[in-house]
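Colleague: The chain contents come next:
2 protein chains.
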Amino acid sequence: MKPYVEMTKEELQELRKELSAQYKEFQGRDLKLDMSRGKPSAEQLDISMGMMDVLSSSDDLTCDDGTDCRNYGVLDGIKEAKELLADMMEVAPDHIIIYGNSSLNVMYDTVSRSMTHGVMGSTPWCKLDKVKFLCPVPGYDRHFSITEYFGIEMVNVPMTSTGPDMDLVEQLVASDDTIKGIWCVPKYSNPQGISYSDETVRRFARLKPAASDFRIYWDNAYTIHHLYDNDQDHLIEILAECKRAGNPDMVYKFASTSKVSFPGSGIAAIAASENNLTDIMKQLKIQTIGHDKVNQLRHVRFFKDIHGMVEHMRKHADIMRPKFEAVIETLEKELGGLEVGEWTSPKGGYFISFDSLDGCAKTIVAKCKKAGLIMTGAGATYPYGKDPHDNNIRIAPSYPTLPDLKQAMELFALCVKLVSIDHILAEKA
Amino acid sequence: MKPYVEMTKEELQELRKELSAQYKEFQGRDLKLDMSRGKPSAEQLDISMGMMDVLSSSDDLTCDDGTDCRNYGVLDGIKEAKELLADMMEVAPDHIIIYGNSSLNVMYDTVSRSMTHGVMGSTPWCKLDKVKFLCPVPGYDRHFSITEYFGIEMVNVPMTSTGPDMDLVEQLVASDDTIKGIWCVPKYSNPQGISYSDETVRRFARLKPAASDFRIYWDNAYTIHHLYDNDQDHLIEILAECKRAGNPDMVYKFASTSKVSFPGSGIAAIAASENNLTDIMKQLKIQTIGHDKVNQLRHVRFFKDIHGMVEHMRKHADIMRPKFEAVIETLEKELGGLEVGEWTSPKGGYFISFDSLDGCAKTIVAKCKKAGLIMTGAGATYPYGKDPHDNNIRIAPSYPTLPDLKQAMELFALCVKLVSIDHILAEKA
Numbered sequence: 438m439k440p441y442v443e444m445t446k447e448e449l450q451e452l453r454k455e456l457s458a459q460y461k462e463f464q465g466r467d468l469k470l471d472m473s474r475g476k477p478s479a480e481q482l483d484i485s486m487g488m489m490d491v492l493s494s495s496d497d498l499t500c501d502d503g504t505d506c507r508n509y510g511v512l513d514g515i516k517e518a519k520e521l522l523a524d525m526m527e528v529a530p531d532h533i534i535i536y537g538n539s540s541l542n543v544m545y546d547t548v549s550r551s552m553t554h555g556v557m558g559s560t561p562w563c564k565l566d567k568v569k570f571l572c573p574v575p576g577y578d579r580h581f582s583i584t585e586y587f588g589i590e591m592v593n594v595p596m597t598s599t600g601p602d603m604d605l606v607e608q609l610v611a612s613d614d615t616i617k618g619i620w621c622v623p624k625y626s627n628p629q630g631i632s633y634s635d636e637t638v639r640r641f642a643r644l645k646p647a648a649s650d651f652r653i654y655w656d657n658a659y660t661i662h663h664l665y666d667n668d669q670d671h672l673i674e675i676l677a678e679c680k681r682a683g684n685p686d687m688v689y690k691f692a693s694t695s696k697v698s699f700p701g702s703g704i705a706a707i708a709a710s711e712n713n714l715t716d717i718m719k720q721l722k723i724q725t726i727g728h729d730k731v732n733q734l735r736h737v738r739f740f741k742d743i744h745g746m747v748e749h750m751r752k753h754a755d756i757m758r759p760k761f762e763a764v765i766e767t768l769e770k771e772l773g774g775l776e777v778g779e780w781t782s783p784k785g786g787y788f789i790s791f792d793s794l795d796g797c798a799k800t801i802v803a804k805c806k807k808a809g810l811i812m813t814g815a816g817a818t819y820p821y822g823k824d825p826h827d828n829n830i831r832i833a834p835s836y837p838t839l840p841d842l843k844q845a846m847e848l849f850a851l852c853v854k855l856v857s858i859d860h861i862l863a864e865k866a
Numbered sequence: 438m439k440p441y442v443e444m445t446k447e448e449l450q451e452l453r454k455e456l457s458a459q460y461k462e463f464q465g466r467d468l469k470l471d472m473s474r475g476k477p478s479a480e481q482l483d484i485s486m487g488m489m490d491v492l493s494s495s496d497d498l499t500c501d502d503g504t505d506c507r508n509y510g511v512l513d514g515i516k517e518a519k520e521l522l523a524d525m526m527e528v529a530p531d532h533i534i535i536y537g538n539s540s541l542n543v544m545y546d547t548v549s550r551s552m553t554h555g556v557m558g559s560t561p562w563c564k565l566d567k568v569k570f571l572c573p574v575p576g577y578d579r580h581f582s583i584t585e586y587f588g589i590e591m592v593n594v595p596m597t598s599t600g601p602d603m604d605l606v607e608q609l610v611a612s613d614d615t616i617k618g619i620w621c622v623p624k625y626s627n628p629q630g631i632s633y634s635d636e637t638v639r640r641f642a643r644l645k646p647a648a649s650d651f652r653i654y655w656d657n658a659y660t661i662h663h664l665y666d667n668d669q670d671h672l673i674e675i676l677a678e679c680k681r682a683g684n685p686d687m688v689y690k691f692a693s694t695s696k697v698s699f700p701g702s703g704i705a706a707i708a709a710s711e712n713n714l715t716d717i718m719k720q721l722k723i724q725t726i727g728h729d730k731v732n733q734l735r736h737v738r739f740f741k742d743i744h745g746m747v748e749h750m751r752k753h754a755d756i757m758r759p760k761f762e763a764v765i766e767t768l769e770k771e772l773g774g775l776e777v778g779e780w781t782s783p784k785g786g787y788f789i790s791f792d793s794l795d796g797c798a799k800t801i802v803a804k805c806k807k808a809g810l811i812m813t814g815a816g817a818t819y820p821y822g823k824d825p826h827d828n829n830i831r832i833a834p835s836y837p838t839l840p841d842l843k844q845a846m847e848l849f850a851l852c853v854k855l856v857s858i859d860h861i862l863a864e865k866a
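As you go down the protein sequences, you meet chains A and W in turn.
Every position in the first sequence, counted from 1, becomes a number in the numbering used here once 437 is added.
Every position in the second sequence, counted from 1, becomes a number in the numbering used here once 437 is added.
This is chain A alone, in the form it adopts within the complex (with noise of 0.2 Å):
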């Protein structure tokens, strides 16, 4: 096929009718897939039921270290947990909290703790006439709902192939004290599948922030997230990296297990520096006892150790692989050649994302949900739902059927170009 925008009008407006003809079609097969967020199938959730057996009423909940999982107790986690995700986070266990089920609980609290008693022992950012927090585009869309719950600024920073662009984020954070803090998600990211280069990480830990409560909110929530045993991404470990730079309290690392056992049963964690740490503590001490060791017990149980998590992780690559690679395909064979959206590759995580021609994205999206598809919400993979051009989809692969989701992907690249080819008619009209 060549490129719409070198067709004529008449050629564009006889294909037009073809598409709509299909396009009918599809509505009228009363279609109702969800493609809106990046949750796991049944089929993912099935491979962790061993987790449900791990411990019985016969087991013995207690730790190595005499720890009786069953009550109260132990605010930071239990090691065989600690040990685990420190694993999985490439840290060392005493650099790790385990919180409860939710990466994003432990993020808002952090930028809430922040609020009301800074960071360190700064100013509390309530008394503060601004604070601002950089923001790579497009993102992870409840990033930026906590950081607009808090009425935080945010800034958009443009997104490159290699991370968030850095000459940007040096100098805005350089010459500007009420920027507190950068939401990344550095490995297989949200929604592009980019991991950050070397070059990026090392610029990351070599910041010299105005504020000294400045914090990279760095977001791995696709440590382990691989489709390929034999070509995956590598990311510099940013607490590392920044203890070497000698920053090394300007970050805190996020993870969860929630996409490696059960979103919403899993347990989270925070990777900080020992001066974070303790500063965390003095907030978690007051806000709760501790959390649901028992559930830290089931993790280490049943994944035993970062191998068994590895192999594990596998089996979910092995249900993902196939979708990203129909969602890719797909994109290839109806879309390749007629320049009208460009898409990513990631070679992991949970998203792939998707450019239409600037000012299509809305309509795409409001196209597909006509026809029964529903697809993140346009816009949302920036601050303030606002996409200055209107030209970024989200495409969560993970939920549907390998077979629902071929249909969805064709539905979507149909929309693509139904949309397209009117807004290429307009601008020639």
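Simulated from the structure, these hints should not be mistaken for laboratory data.
Predicted model only: the values in this text are computed from it and were never measured.
Pairs involving identical chains hold if they fit within one copy or between any two copies, as the list cannot separate such chains.
Think about it this way: if two alpha-carbon atoms lie no more than 25 Å apart in a straight line, the pair counts; the simulated DSS-like pairs of lysine-lysine are:
hint	residue 1	residue 2
1	K439	K843
2	K799	K722
3	K823	K722
4	K564	K719
5	K806	K722
Following the hints, position chain W against chain A.
Modeller: Just chain W now, kept in the frame of chain A:
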């Protein structure tokens, strides 16, 4: 025995010698007894072990409405869990949000949200010059820690045998719009085991607070934690009473299964009016995708319904009752008639409160410690750890075994005697 205060100096000195010898004997036993916290005993934990068997890999982890508990979603809790906790909390299921493992965490988050975002549209408390909470004393140290952490000024309100001094509460709340809350443990209170009278609850529901964002923090931690089948305290349900009184939004009610199933691995909940819940949900949807639904389902499958929970609580009572009775018996036997202290005889909950002679509590606790018995720190039952009379000591009988507890209480009574004698002798001198 005649009251110590009526004994001569010589008699007291003689007695002191005898008791000191007994104390030395105790010191020789090398005891390690911990009565500091309201922790269930291992025996109590054992009765919930069946909870480890109700979900296995061969079970369907799906709710009646089709929700897969293993996946993301359902912000306010699965329907079945809301019904169970609603029955436990004596409210309608649609007035409940199910949280994670800790009601303390829910209370912390409630105060934290009020600091940053106010209450149902009021000015965020962090923007106010002064925020105060009323604290019935003696009370629960972890409540006081939360308000202290947020810089909220705490105002003591004396407890009476029917609950807080309501004349004072009414007057303070009506006259001071910086008073934004009051901490209550209305049933089998911590530490006295007092349940608020009907009149007290009615007066609470009819408060006329100067501040529209004043809330009653109703921590009904021991709502089903009775010691006896046929002699139980009953509490007027506060949400309904507030509604009847025309103050539907004035109360947050908290509870958890921490001392029903496993502490740290239970489920917690808040109950409130629709207006309050709507306000809370605005925050909750930013903070998390949802709490641990598998654990919610586990509780529902184990207890089945409120009747199952009540039957389960009888097993706890069978373990707790002899411990409470042993404490009371020892106190009566050792200290009865001496006029060196007073104590409560609760019909439920986790604590017995002991009031020594003024100025003796710290010394008694310290003396216990030197012989190997850890009591809750003297002062802990007051805001800022400051007991103005230095006379209140919380007794937590749950954790030690019955033989250990008996030994501990003998030692405790001995320390009370010794410290009281010194105190009286010093006054006579």
